[in-house]
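Let the hints inform the model, and build the full structure from the sequences given.
2 protein chains.
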Amino acid sequence: MLKVFWAEQTPVAASDRGLAYGDGLFETIRVHRGRPVLLGRHLRRMRDGARRLGIPLSAVELEHWLNRALARYDQDGDWVLKLILTRGSGGRGYVPPDPATPHLIISRHGMPALPDPGGVVAHVARHTLEANPALAGLKSLNRLDQVLASRELPAGAYEVLMTDSAGNLLEGGRTNVLLHLRSGWFVPPANSVAVWGVMQEYVAERLDAQGTPVRERRLPLSLLGQPDFQGLFLLNSVVGVVPVRRIGCQHLPIDNSLATICDPLTSLK
Amino acid sequence: MLKVFWAEQTPVAASDRGLAYGDGLFETIRVHRGRPVLLGRHLRRMRDGARRLGIPLSAVELEHWLNRALARYDQDGDWVLKLILTRGSGGRGYVPPDPATPHLIISRHGMPALPDPGGVVAHVARHTLEANPALAGLKSLNRLDQVLASRELPAGAYEVLMTDSAGNLLEGGRTNVLLHLRSGWFVPPANSVAVWGVMQEYVAERLDAQGTPVRERRLPLSLLGQPDFQGLFLLNSVVGVVPVRRIGCQHLPIDNSLATICDPLTSLK
Chain G
146 MLKVFWAEQT
156 PVAASDRGLA
166 YGDGLFETIR
176 VHRGRPVLLG
186 RHLRRMRDGA
196 RRLGIPLSAV
206 ELEHWLNRAL
216 ARYDQDGDWV
226 LKLILTRGSG
236 GRGYVPPDPA
246 TPHLIISRHG
256 MPALPDPGGV
266 VAHVARHTLE
276 ANPALAGLKS
286 LNRLDQVLAS
296 RELPAGAYEV
306 LMTDSAGNLL
316 EGGRTNVLLH
326 LRSGWFVPPA
336 NSVAVWGVMQ
346 EYVAERLDAQ
356 GTPVRERRLP
366 LSLLGQPDFQ
376 GLFLLNSVVG
386 VVPVRRIGCQ
396 HLPIDNSLAT
406 ICDPLTSLK
Chain R
146 MLKVFWAEQT
156 PVAASDRGLA
166 YGDGLFETIR
176 VHRGRPVLLG
186 RHLRRMRDGA
196 RRLGIPLSAV
206 ELEHWLNRAL
216 ARYDQDGDWV
226 LKLILTRGSG
236 GRGYVPPDPA
246 TPHLIISRHG
256 MPALPDPGGV
266 VAHVARHTLE
276 ANPALAGLKS
286 LNRLDQVLAS
296 RELPAGAYEV
306 LMTDSAGNLL
316 EGGRTNVLLH
326 LRSGWFVPPA
336 NSVAVWGVMQ
346 EYVAERLDAQ
356 GTPVRERRLP
366 LSLLGQPDFQ
376 GLFLLNSVVG
386 VVPVRRIGCQ
396 HLPIDNSLAT
406 ICDPLTSLK
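Here the protein sequences come in this chain order: G and R.
Mapping of the first sequence onto the working numbering: residues 146 to 414, in sequence order.
Mapping of the second sequence onto the working numbering: residues 146 to 414, in sequence order.
Among the clues, some could well be false.
No copy is singled out in the list; a pair is fine if it fits within one copy or between any two copies.
Unchecked claim - Below, in silico cross-link-like pairs of lysine to any residue (SDA-like), each with a Cα-Cα straight-line distance of 20 Å or less: (1) 148 with 253; (2) 148 with 158; (3) 227 with 158; (4) 227 with 391; (5) 227 with 210.
What the hints contain is simulated information worked out from the structure, not anything from laboratory work.
This is the structure in structure tokens:
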């Protein structure tokens, strides 16, 4: 049974394990004219993450509160619904309470600034990422890597890009990356990325469906300068899909081949 | 300027970056007969951590609130003072606000159960640790590794031990490890451990001072079975220093050579 907090109304106890240890997960869901975009994928990721962390979560209950939130925050246009799921309070230090009473903290936010669809500027962060495969892909509340990388975002740049210590591109601060080479579409190995994005999943399925599958491989930054490089995309479920036109001083070719297939607003589900 | 929350009185907004991203630090300080144990080291670690995360923190202000907390929670015997420092609220997603108004969340807790000074049972967790050197040593609010490892703690065991994926011993869930071989005292490399413990620092200085320096090296678990193995200790600033007498089915020799030098209660500072 979830204990629910409407963020604008009820604050959270300092003993919440989400605050104490980042012991939880979150989702930020774009709502477009009353309909949540990529909803099934968001809810599935939260349920999968809860299973990996051992936080009890009923799919029926989660959907119940999602619907209550949509009714409560009912609003025209586009906005963002944020769900934070924590393991609740209690336990002996790090050892979780058993059974736990998870907390669901619900809030509404305005849309962030949308990127220029013609392409954005990115910056490679010095802060590198070393994803622990045991935590890889989880949209958990442990996001210090993203915070520290984002501190390096220069004025005028839209996104920081994080690599591992060997210089392989892994992801943006708040986006996943998708690389287009003449030989196909590529993402970094799933066990190396911090957050497995629902927009990335959606776009990969669309590309698969049109016979151009997305494959996993290491993505050294040097690929971006090679003759068979076609384009680099950033993917995020709230702001969409956008090509990178420049990284630092390096101008990248702009690839428009995703423009027609990757707008989930046209196929809300 | 800090914004201060007394945990028993004022809850925390859901927008606090400590909850949203684990964007902060904490200290748990044992207070013994009104005097905080290893206080200078705790405060120094929090200041150093704040500097690494770029959270503005004045040493004078931190000490002011520490003293206010000691007066407020004034209590005989032993108890635990917890300080959580977060970057506060706001910012654009992961990008921190500039300037930030950090939050200091202060709470009082009872002492945890003390370990049997004759030795405890430990358990090696399947959950491995891959510390990012950029975050190594920080007592940050990103503690999912410790939570997940602690879920494996079997009944009757006192502590889980975490290794890297190659099987090198790194630390306990809430303790640091110190290994005694015939050739000397050893801890894992500083850039491989998640939390750099103040008790570990204290004990290392005491051992150094008596001419038996503590050195860093990789600590494969196989060392525990070798003839020159003398003992394994767990160190924590609240519960102290305790030998491990058994890991799973493996009985370890008990080493009493730390008993006389490592009680910071006798040299409060």
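Hints, verified against the model:
Proximity of residue 148 and residue 253 under a CA criterion of 20 Å is satisfied intra-copy only: 18 Å inside one chain copy versus 24 Å between copies. With identical chains, the CA atoms of residue 148 and residue 158 are at most 20 Å apart both within one copy (12 Å) and between copies (16 Å). Taking the shortest alpha-carbon separations for residue 227 and residue 158, both the intra-copy value of 19 Å and the inter-copy value of 14 Å come in at or below 20 Å. Taking the shortest Cα distances, residue 227 and residue 391 never come within 20 Å of each other, neither inside one copy (31 Å) nor across copies (46 Å).
In this assembly of identical chains, the alpha carbons of residue 227 and residue 210 lie at most 20 Å apart only when taken from the same copy (12 Å versus 33 Å across copies).
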